[in-house]
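Enquirer: On the provided structure of chain A, position chain B as indicated by the hints.
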Amino acid sequence: MNTPATKWIAEWLQGLGRITLLAKEALTSLFSLKVAWRDLVYQIYFIGVKSQSVVLITGAFTGMVLAAQTYFQFHKVRMDTATLAVVGVSMCSELGPVLTGLMVAGRVGAAIAAELGTMRVTEQIDALRTLATHPVDYLVVPRLAAAHLTLPLLTVESIAVGIGAGYIVGVHLLGIDPAYSWHNMIKYTGAVDVFIGIIKAFIYGGLVALIGCYKGMSCGEGAEGVGRATTEAVVYSSIAILIANFFLTLVLGKIFQTL
Amino acid sequence: MIEVRELRKGFGSQPILEGVNFEIQSGESVVIIGRSGGGKSVLLKQLIGLLKPDAGEVRIEGEDIVPMDERQLLRVRQKFGMLFQGAALFDSLTVAENIAFPFRRRRDVTPAEVARRVSAALEMVELPGTEHKKPSELSGGMKKRVGLARAIVYQPQIVLYDEPTTGLDPIVSDSIDQLIMRVRDRLNVTTVVVTHDMRSARRVGHRILMLHDRRVYASGTPDEIFSSQDPVVRRFIEGVSDPKEHYF
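Residue numbers (the numbering used here), protein chains in the order written: chain A, 1 to 259; chain B, 1001 to 1248.
Straight line, CA to CA, 25 Å or less: simulated DMTMM-like cross-link-like pairs of lysine to aspartate or glutamate: (1) A:Lys50 - B:Asp1091; (2) A:Lys24 - B:Glu1070; (3) B:Lys1143 - B:Glu1123; (4) B:Lys1052 - A:Glu25; (5) B:Lys1134 - A:Asp39; (6) B:Lys1134 - B:Asp1169; (7) B:Lys1133 - B:Glu1123; (8) B:Lys1143 - B:Glu1097; (9) B:Lys1143 - B:Glu1131; (10) B:Lys1134 - A:Asp126; (11) B:Lys1133 - A:Asp39; (12) A:Lys24 - A:Asp39; (13) B:Lys1133 - A:Asp126; (14) B:Lys1143 - A:Asp126; (15) B:Lys1079 - A:Asp126; (16) B:Lys1052 - A:Glu11; (17) A:Lys24 - B:Asp1069; (18) A:Lys24 - A:Asp126; (19) B:Lys1079 - B:Glu1097; (20) A:Lys76 - A:Asp177.
To be clear, the hints were calculated from the coordinates, so they are not data collected in a lab.
Chain B with its partners taken away, still in its complex shape:
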């Protein structure tokens, strides 16, 4: 379903990713972990064409999206839903208008059907009755739920999550993890989650990819990764800093 081949990306003279390769099968849930600033979000954004790689291929259902222009990408993006780190809700619109946004230009869906789908999406993220609130009236966790409702309301085939639990307390983080799993299982979508929350990675992923040194350093099931004896992987899982690195 998603195929990444020899992907390279840098900003200015700073290389971020060099020769990244992986595949994600339909219905699979993959978690990408790695250090902050290691290129996880950059990689995620290249999967949906928000950023262009410097070299390499990104194939979605066999179709290379790298040479596509912005208008051609719109068609491919209909297969995707994405939850952003800060939820990225449109602050001039209400919760209901945010969730109904993907249906704005669609004439084949009646307003009653849109309202029904918005209600169903809000039910799924456990936020019924918030249709008329503005994003500024919501807490961080609620914004993420609404962001998720907006990402899944048109039933995409692939859902991307950019650090879904960052900045949330452990209880809200747990509820977001539950939601990701519920969406994955009920809608049978392909899921790609970028996170450095190891608890979340273990729960929501069928497979974990670890980015290190600008490449995919390790790949395996959560059990394989968590039982790995590789020193780099172990240090990341246990949250132990490298004594050779100076942070202050």
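Pulled out of the complex, with its shape left as it was, chain A reads as follows:
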């Protein structure tokens, strides 16, 4: 039975298997400290420093919109001072990590897939192999480690900027009482929410880098192959983040509830 649906499922499962093997190879290499430190520093700069503007703008405007929308609804039932509490919890455990992950997937996932895809079609990855260098050690491990390290930091920045921007909109634009707002936010937003956000961001960083590397290293021939790999890297890593977010919310919620 070789219908298009079974073929698609078989290819999808093969892809999942290959990306799992890539992850295993990358983690083995990472833990045996085969990472090139210079390349790691450059990737931290590229993924972390260069993504700041896009992540900060996203965080700030999300915090502002969230504060305004929450205020408009809460104002009807005279719960204005709970506005910042909603902004705080949402930014820390959900919007901060997810939106940072999605923005980094768009910027970094695409760049990784395009760079590695071009290297593949111009035989640069084969050249690496002939020079006795494992492509996973040289190309995947620095990107994976850098994404794991930088995404939590970017998320923390996004959360802080989002809450700050929400505070400005709520207090200075919409006239919420600052003292009660701040008090409620501190009361309902715990360190656990920040911790959940950081754990999520750490995992999303790995997903973005791994999917970008996999798509780039397995891309088809020519400009069309690179273009498709780039698009797929962004789409698949965004979907992976959204699906992972659901399961992480359930699992981490359960874990931290019982603690």
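Expert: Chain B in isolation, oriented as in the chain A frame:
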């Protein structure tokens, strides 16, 4: 030094090579010729483990590399240098960084020694003073020279060339041929060249292997091949198309 036994390779349902056998001795220079799409580059890539054959053996100094995984192959590949058809220079690195790449993880070679070897390799390919240029600033012929410098800088025992003169004008092609011969003679390396440039094949090879119909069809010294009366070999050497084949 290199031994290929009953090698088979196909892509999907399309067989490319079926039962290829040959040996290459240490220090020998062998040119593999054949039609475009005939599996020459596929064969070359299997010699260094970039592609896995479907069946058969590839022995390098007696060691079968076919069952090896990617990490085991890294050790074997230290014996090889390879020049790719498009040179495959790392475009994010300068010429000097490209050539010094094989020494990146080696702690036993000092930076001064690396710089000296890079200069020597560039001298050998007649491109001194280009250390700080990026590959995008180089012409096609210069890229091939830098690719060759990178392939020989760590003094490998075997150098593989994948269509080294394709896309180059006759004068640059001649200079690349001269370089291949110079590297072969000065470094005493085993050389395997894949080409369909017959002039180049005659000059750089001690022996020519012709691939045809997915097998080694003919093998001999350049003089033997060029004086062969076999119709398939003659047609290839003289560049005459088969009247039974329709190209358009």
